[in-house]
Structure formats: structure tokens, C-alpha cells
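Asks: Quick note, the sequences are listed as chains G and R, same order. All residue numbers for the first sequence refer to my numbering, where the first residue is 1 and numbers rise by one. All residue numbers for the second sequence refer to my numbering, where the first residue is 1001 and numbers rise by one.
Simulated from the structure, these hints should not be mistaken for lab results. You may find that some hints are simply not true.
Dumping the calculated BS3-like pairs for lysine-lysine here, alpha-carbon to alpha-carbon at most 27 Å [said to hold, decoys possible]:
#: 1; chain 1: G; residue 1: K304; chain 2: R; residue 2: K1438
#: 2; chain 1: G; residue 1: K43; chain 2: R; residue 2: K1520
#: 3; chain 1: G; residue 1: K305; chain 2: R; residue 2: K1090
#: 4; chain 1: G; residue 1: K316; chain 2: R; residue 2: K1209
#: 5; chain 1: G; residue 1: K304; chain 2: R; residue 2: K1445
#: 6; chain 1: R; residue 1: K1438; chain 2: G; residue 2: K316
#: 7; chain 1: G; residue 1: K304; chain 2: R; residue 2: K1464
#: 8; chain 1: R; residue 1: K1635; chain 2: G; residue 2: K316
#: 9; chain 1: G; residue 1: K43; chain 2: R; residue 2: K1512
#: 10; chain 1: R; residue 1: K1064; chain 2: G; residue 2: K316
#: 11; chain 1: G; residue 1: K312; chain 2: R; residue 2: K1438
#: 12; chain 1: R; residue 1: K1431; chain 2: G; residue 2: K304
#: 13; chain 1: G; residue 1: K10; chain 2: R; residue 2: K1464
#: 14; chain 1: G; residue 1: K305; chain 2: R; residue 2: K1438
#: 15; chain 1: G; residue 1: K305; chain 2: R; residue 2: K1209
#: 16; chain 1: G; residue 1: K304; chain 2: R; residue 2: K1512
#: 17; chain 1: R; residue 1: K1192; chain 2: G; residue 2: K305
#: 18; chain 1: R; residue 1: K1064; chain 2: G; residue 2: K305
#: 19; chain 1: R; residue 1: K1450; chain 2: G; residue 2: K316
#: 20; chain 1: R; residue 1: K1193; chain 2: G; residue 2: K10
#: 21; chain 1: G; residue 1: K305; chain 2: R; residue 2: K1295
#: 22; chain 1: R; residue 1: K1450; chain 2: G; residue 2: K5
The structure displayed is predicted, hence computed values, not measured ones.
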Amino acid sequence: MAELKLADYKTTVHNDWCPGCGDFGILNAIQMALSEMQIPRHKAVIFSGIGCSGKTPHFINVYGIHTLHGRVLPFAQGAKIANPDLEIIAVGGDGDGLGIGAGHFVGAGRKNVDIPYLIFNNEVYGLTKGQASPTLRLGEKTKSLVTPNTSNSVNPIALALVSGFTFIARSYSYDVKHLKDTIKRAITHKGLAFVDVLQPCPTYDDIHTREWFQGKNKPGSEKLIPRIYKIEESGYDGIIHDESEVNKKMSKILEFSSEWGDRIPIGIFYQNELVPSYHERIAENINDYFERPPSHQEISDAEKKPTARIDKILDKLQIND
Amino acid sequence: MSFSDNANSISWLIGGPQGSGVDSAANIFAKTCAKEGFHIFGKREFYSNIKGEHSYFTIRISEKPVNSHLEDVNMLVSFDAETVFRHADKVSPNGVIIYDSSLAETVLEEVPTIDFEANKRIGKLLQDSGLSQKLNGMLDLARSRGCTVYGLPYYEMIEAVGRNLDDPKLSKLSRVVNVMAISASLSLLGIKKDMLISAIKDVFGSKPKLLSSNIEAAEYAYSYINTKFDAKNIKCKITPKAVLKDYVLISGSQAAAIGKILGGCRLQTYYPITPASDESEFLESNQIINQVDGKRGSIIVVQTEDEIAAITMAIGAALTGVRTATATSGPGFSLMAEALGWAGMNEVPLVVTMYQRAGPSTGLPTRHEQGDLLFTINAGHGDFPKIVLASGDIEEAFYDSIKAFNFAELYQLPVIHLLDKAISSSIQTSKRFSNELKIERGRFKRDIDKDPSPGTAGHFRRFKLEDSPISTRVPLGTENAIFWNTGDEHTEEGHISEDPENRNKMMDKRMKKLELALEKIAEDDKAACYNFDSNTKNVVISWGSTKGAILEALEKLTEEGSKLGFIQVRLLHPFPTGTIKKFLTNARLIIDVEMNYSSQLGSLVQQYTGREIDFKIVKYNGRPMSTTEIYIALKAILSGNNERRIVLDGGT
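This is chain G alone, in the form it adopts within the complex:
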């Protein structure tokens, strides 16, 4: 098969995101990851929720399912359970996944279906003109808020951890290479992978802007100290090789997850493939699940007759043998 180029993964659909939006970096990173992994276009499906991030699939030239607000995870899980051969990527916003969809975030963690899930985390509801999202901290006031935020924020990394996600990472939309590499790792991970993507909203979030992330001035110097740092560079390895490492690593991850302000960690906090995926759990009961998942089963023959036999079930309910 001919090699697929990056351009092959792009559509010509008009993109209406604001100029300078962090979403562009995420879009590029997804397309680059798909291209570098040479995933056949018809085998990949991008599922999205609602909001600016929800439009992402329309710009990627693979199957694209733009679902409902907050419901991207159950839609995506349904498709992946029915056909585990598909390469499914779920994307959504922070309000989408951690507000209206928080119940599904937790529910998905318990199942560990083999899909990567990217949250485009920009602290606001952009498409409805900048209301506070679940990741905006208490007391913060972006320019579109009338009064400072009266709700506290949820900690996505910690929530993913306690919900049972088996891959937890964070990246930054303006570091496209890091983000692309993280997405590739999330795709290859066996199980549910969460990538928290810090994505400044240039229109509504005037607090955590691109400039803010770039750093703060060293006292008495012009030089900026970047707020973001890569945990791998300090030698951290998030992979669980043995169940006994889990507890220790968990407290480290919680520590990372609460770092904010001057130092913001990105990288792969956690990867645990020792936990069986939902598919492996199904295969415990249905041994040939991977060879014959629901999508591969023929339910009727050439004459449209059902292939299923119900006689044994009826025999059990039969009155006289």
C-alpha cells in the first residue's frame, strides 16, 4: 500500500476556530500521529463531543463521529466494544468531559476500553462565549465572567487516576511534537488512555494565555522561565512494571497533579497495562470475542434467514420433553 502522507489525513472542510486557537496544535498533532503510525484512513474513527473541540473530526480525513455534549466516551466505547479492530480516538472539551460528561469519565475508567481520550482543556466554555468550565479554579475571573468563579475546579489527572484510567498523561497544545508523541503512546496503550491537553483559549481565557504558559520573568532579567516542564527529563518513568509499584506511583501522580502556577508538569504520569482491558474481560466469557466480535458476525444467510438457533434456549423452557 502506498505510504500515507500527512496531507492525506486532512480534509478541505472550512475550519472556523478562532485565529491562534490552541486547538490547531492538537489537530496537527493528531494528524501527525495518524500519519507517522500509518493507520489506514478507513480503520480510524475520531469521536468527539460538543463545543469547539467537537468539530475536530470534520478536519481529519478518517471516519468522524461528532456526538452529543458530554457523551463522547460512551459513543466511542460502544463502537470499540462492537469492533475492536477499529482505531478509535475520542476527543472533547473540559466542560464536555469533566462537567456534563463527568459521570461517563468515571464510568469509562471502570471499564478500561482500549481507546485514547484527549481533553482539550482551556478552562472555559468557548462556543457559548466563555463561561467557567470545570477546570477553572475557584475565584479566578476570566474576562468573560461577570464575577469571579464561585465553583472550585476538578483535578482531571487525579480524577482519571481514581476512576481507573490505565494511561494518564498531560501535554501542551503549543508543543506539537510532545503532544504528537504522547498521542502515539496513548494510541498504542492497551486500555483507556487519558491525555489532558493544556490548550489556551485566545478569545475568552485571558488568565492562562500562551504568554502565561511561556513563563514568567526572572527578577531583574528579560529571560522567561517556562512554567511547563517535562517529567521524563527529570528521569520519571510512569510505567507500572509490577503491581507493587502502583501505590507508590499513585502518590507521586497526585503530587504532580496538584502542581500548578510556576511549575506545571507534562508527560506520561502513569501507564499500567497489567489491568485487563474491557475487551480481555469480555473474552473471559466469550472466548472467541477477538476473532468474532459483534461487528464481524453474520446474522443472516443469503436467503435472509437468521443464522442464530434458538432451539436450545426454548428446550429449557419446554413443558414436555
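Please arrange chain R on chain G, whose structure you already have, making use of the hints.
Replies: Just chain R now, kept in the frame of chain G:
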């Protein structure tokens, strides 16, 4: 007035605290009678409770097929006091009551699970009859009507069984009291013991310890009756006429589930809810599917975190080409409304099996109602196509499960299969189901050539605008057919579009599917009519599980010289206006019968056909309509009753 059942049939009832084996006893009894050659219809009533509250099971055994229950009970079987207090007044003259003789002195007020309202009602009944507030008072009341009561000393009987089994653990053994009670009743009815033992083996066959203690208990109680009482003269004896060959004893939820398996459903999602969960659990226990080609199939049942996840997960799975369903009840269906619209917008075939229960809100969670008709056909915001199909009985539930998937794929839209608590938890003897059904997948394709004339963005046109409103559908993962779905209005390729012209074309395309469905769906699936010819002047119209009770009431009225026709509407949306109008052409009197407050079908009939409903028979107390009460209400209407709306209130 009551309904005198002149069929060779008996109405039997067993009650007891929830968790005491009322259901399993009733199932053994039903199976025993079926083995003896009787047709069965069984109705289950229970509280929203795990242990202790009163539950009961009514079983009608008959030489003819039966599909409804009666108000009167011919034989009341009990092993606690509450069952006697609650049901003894329903036992017909000449009927039989079996009770625990050690409870004769139990005072009404001391039974903790009889709620205040029932306590007051029963207390007043006893007082007005000048009887004591004791169980004995209740029995005296029955005796005064001509009933025979049989007191069984269950405790001593259990002790004797314990001695025979050489098992001193009586507290454990006391669990066999349910089997003793049914065995005693079978002995009185003169039904052969062999059949009982065979039914017990069917139920406990895999548990040797339980099997032996239940058989011993059954044997003991059976001969206890024979030695202590003279049952020759009891009035409610019946004799079987035939052997039920190739019959099953099946519940509505089992029938619907088996229909799904045959119909090709390979993934079902659900969130636990009464009365829908039984179906999902049955599917899960039959998840490995035998196939005619020798291959093995399977159905995956996924329990989700809520009903929103259940329907959206089902839609995701359906996009991979799998026949997918979710099953729920009113409260869960309320949560599914938004996603239903997404499926309509994106033309996704999906089946929602909707088991109605009494609403609104939590309502009467374990009780019956047909109150969700208008909500179901209107569920979701905006105009989008869906099909709503309602089954009238257990057998229809099976066949309609398959039809629901065919409709979903033929017209590429969500189909709601309306069932209810009465169908779901009732049991019936039914001829083994046929597998001579076709799987219609419509314009579904797994392989496709590259579109020579792709859409404006250069992609496959999943929602191609052409003569037919049904476009070619492929599963996710198909080469040459990459498409997009979105809840937004979209182009032929599935990309967002707010263009006004495109909007009109797409709305027209989707909504035209309803016209096509009305044109193609068989008349029998739109509405069935019974007891009907072109001269029929008086017509009963209804839908869903009232079918059995209406048919039997009409049969009786016909015998008495009053002929009424019956139209059972099966396709509720799109409404089969032409079909119903045709049936109503010569009708002079239209009587709408429904298990809800507001005569919801009646309002649809008026809206679509312009015909006024002359009389409304409704019920909303949570207990299914009996043949008796429908018969009485129809009789009142025919004899000139002026009440335009009759509210039925039968049931305990």
C-alpha cells in the same frame, strides 16, 4: 356482577412475603399444570422491596389458551397471614383457601407489612360483616360465601419432613413451605403427583440437596391432603383435555430476549431498572449463540453507568453495523431522549425496548401502566423520524423484537418497541416460536466501490440525496466510504451545514422515511382486528397488553349476543391513519380501553382520524386490567350507561 368463567379453567393465587419463594412456587405450579395438559397464564405482582413485603402470583389454568386474568380467585394458597387478609375476599363462592392453621388467631393490626390504607380497608370489611379482626374472621367471611378452607399445620409438617430426611436443621428446611403449599393445592385439584415431581426436577435439577428436600416436602404435603381431607367434593376441579406438545412456558421478557437473539442483536446495553432488567439478564445468561452454520455467535451485554450511556453506547455500536439494542423503562427512557434525536438525525438503526411501568417520576416502580405512549412517540426535541411499535402479548413480543430490528435497518432510524410490566413479568404457555423469519437489512453494505461522484468536500455521501430517502449505509471501517456523523444539520457527507436549502432537503429526506414506512409496513403490523367484519358497529380500540383481557371479554359478550369488534393498534408511530379510518368507517360506537389516565391512544385516534371516542375505559391504579372488569364495563356501556369515562380499580 362478576365474570362467570365457563371455560374449563381455574384461577389460582399464591401469596407470601417477598423472598419467601412465591415466584418459584408459582413457576413450579404452572409447569406442573402445563405438564398435565393445561394452558397457563400467570401474572406477577410485587412491591418495590427486596424482602418481606407482600408479593403474589395469580395463575389461570385452562383447557383453552388463556391470555388474561380474572378478578375472582378459585383457589387461594397461602403460608402467611397477610395473603389471607389481602385476598380472601376475592375468593369466589365454592372456592378454596389453604392457610397456615397456626395463624388463625393472628390479629390484622399485628401484621406489620399490611400498610395503613389496606389495614383500614380490611378492618372495615370485617367490622361491617360483624366479624373479628382476626385471620379467622377473614376465613369466616369466606366460609359464609361458601368457600372451603383447609388449615395446614405447616410447622409440624416441616418437622415431619425433617424427620423423614433425617435433617434436623428446620430453620433451613422451612424454606420448603412454599412447595408444600402448592403441593397441597395440586393434591386438592387432583393433578397428578408425577407431574409435580417432574416440574420440581426441572427447577431444582442442578441442585441435588434442594431437589431432595423439595421432593420430600411435596410428597409429604400431597399425601397429607389425601389422608386428612376429603377433596372429592371440591368444586373447582378441572380435567385436562390434551398434552401440550411443543409448548414452552415463557415470560414476556424471555420472549423479547429470544426474539432479539434470533433477530441478530449482538450487543445490548442497559442500566438496571424494573421491569426492563430481566431481559438483559436473560440475554447475558444466553450470551453464547448457536448458529445454523455451525459457527458460534455471541451477544455482548454491557451494563453502563446510566441510561444516557446505555443509549449512546448502543448507537456507537450500531455504527459498526451491529444490530444493537438497549432496554429500559420510563425513567431511563426520559434520559435517553436527546440521544434518540441524534440517532434520528444520523439515520442510525437502533432498537430501544421500552418496558413501561406506572409513572410519573418513580411512580409505582414495580406496577403496570401504559402511560408512556404519547411521551414515546414525541420523545426528543425537534422533528425526526422514529418508529414506535407495541406488542399485545408475550408471543407478539417475540416476533416484534425481530420486526423492530428489520424496521430499524430498512428505514435507518430508531425504533422503540413498547412493552410493559404486564407483558414482561407474566408467564404463558406458548407454542414454540417459529424461526421462519427474514432478516431485512435494507440498504446496508459491507463493501463499496469508490464513489465516482463524491460530495462537495470530496467524500462518500452517506446521506445522499436521491429519489429514495434511504441512503446506502456502511459500517465504520469500510474502505472507500469514509463518512461523518454529527448532531448538527449536515451535508450529504455528514459535515456541518447551516445552509437553508440544504436544511430543507435533509429534513425532507429524513421525514419522508415515515411516509415510506407507512407505505411498506404490512397492514397486520399496523393494526390487527378481531371479531370484526364490515358490519361491525360497536368497536373497542386499544393497544398493548390489554389485548388478552379484551378478547376474552368480547368472546363472552358475543356468546351473550352482543358483538363488539376489536382493533388492536400495533404501529403507534407513524400513526396508521388510513388503516384505522378504514376500520372505523362503519363504526357507530367507539370504546377506547387503555391502562392510563388520559386515554392516550384515544387522543391519537381523534387527532389522526377525526373520530371522537364515545366511551373511555381507563385504569391507572398499577394493576393490569382483568377480563372481569373489562367485561363489566363494556356491559354497562352496552346497556345504556351514561358515564363517558369509566375508571377501573380492580386488583390488590
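Asks: A separate judgement is required for each hint: does it hold in the structure or not?
Replies: For each hint, the structure was consulted:
| no. | hint | in the structure |
| --- | --- | --- |
| 1 | G/K304 with R/K1438 | 5 Å, holds |
| 2 | G/K43 with R/K1520 | 35 Å, violated |
| 3 | G/K305 with R/K1090 | 49 Å, violated |
| 4 | G/K316 with R/K1209 | 21 Å, holds |
| 5 | G/K304 with R/K1445 | 14 Å, holds |
| 6 | R/K1438 with G/K316 | 25 Å, holds |
| 7 | G/K304 with R/K1464 | 26 Å, holds |
| 8 | R/K1635 with G/K316 | 42 Å, violated |
| 9 | G/K43 with R/K1512 | 32 Å, violated |
| 10 | R/K1064 with G/K316 | 23 Å, holds |
| 11 | G/K312 with R/K1438 | 20 Å, holds |
| 12 | R/K1431 with G/K304 | 24 Å, holds |
| 13 | G/K10 with R/K1464 | 22 Å, holds |
| 14 | G/K305 with R/K1438 | 5 Å, holds |
| 15 | G/K305 with R/K1209 | 44 Å, violated |
| 16 | G/K304 with R/K1512 | 26 Å, holds |
| 17 | R/K1192 with G/K305 | 42 Å, violated |
| 18 | R/K1064 with G/K305 | 32 Å, violated |
| 19 | R/K1450 with G/K316 | 49 Å, violated |
| 20 | R/K1193 with G/K10 | 76 Å, violated |
| 21 | G/K305 with R/K1295 | 15 Å, holds |
| 22 | R/K1450 with G/K5 | 20 Å, holds |
The structure does not agree with the numbered hints 2, 3, 8, 9, 15, 17, 18, 19 and 20 stated previously, though it agrees with the rest.
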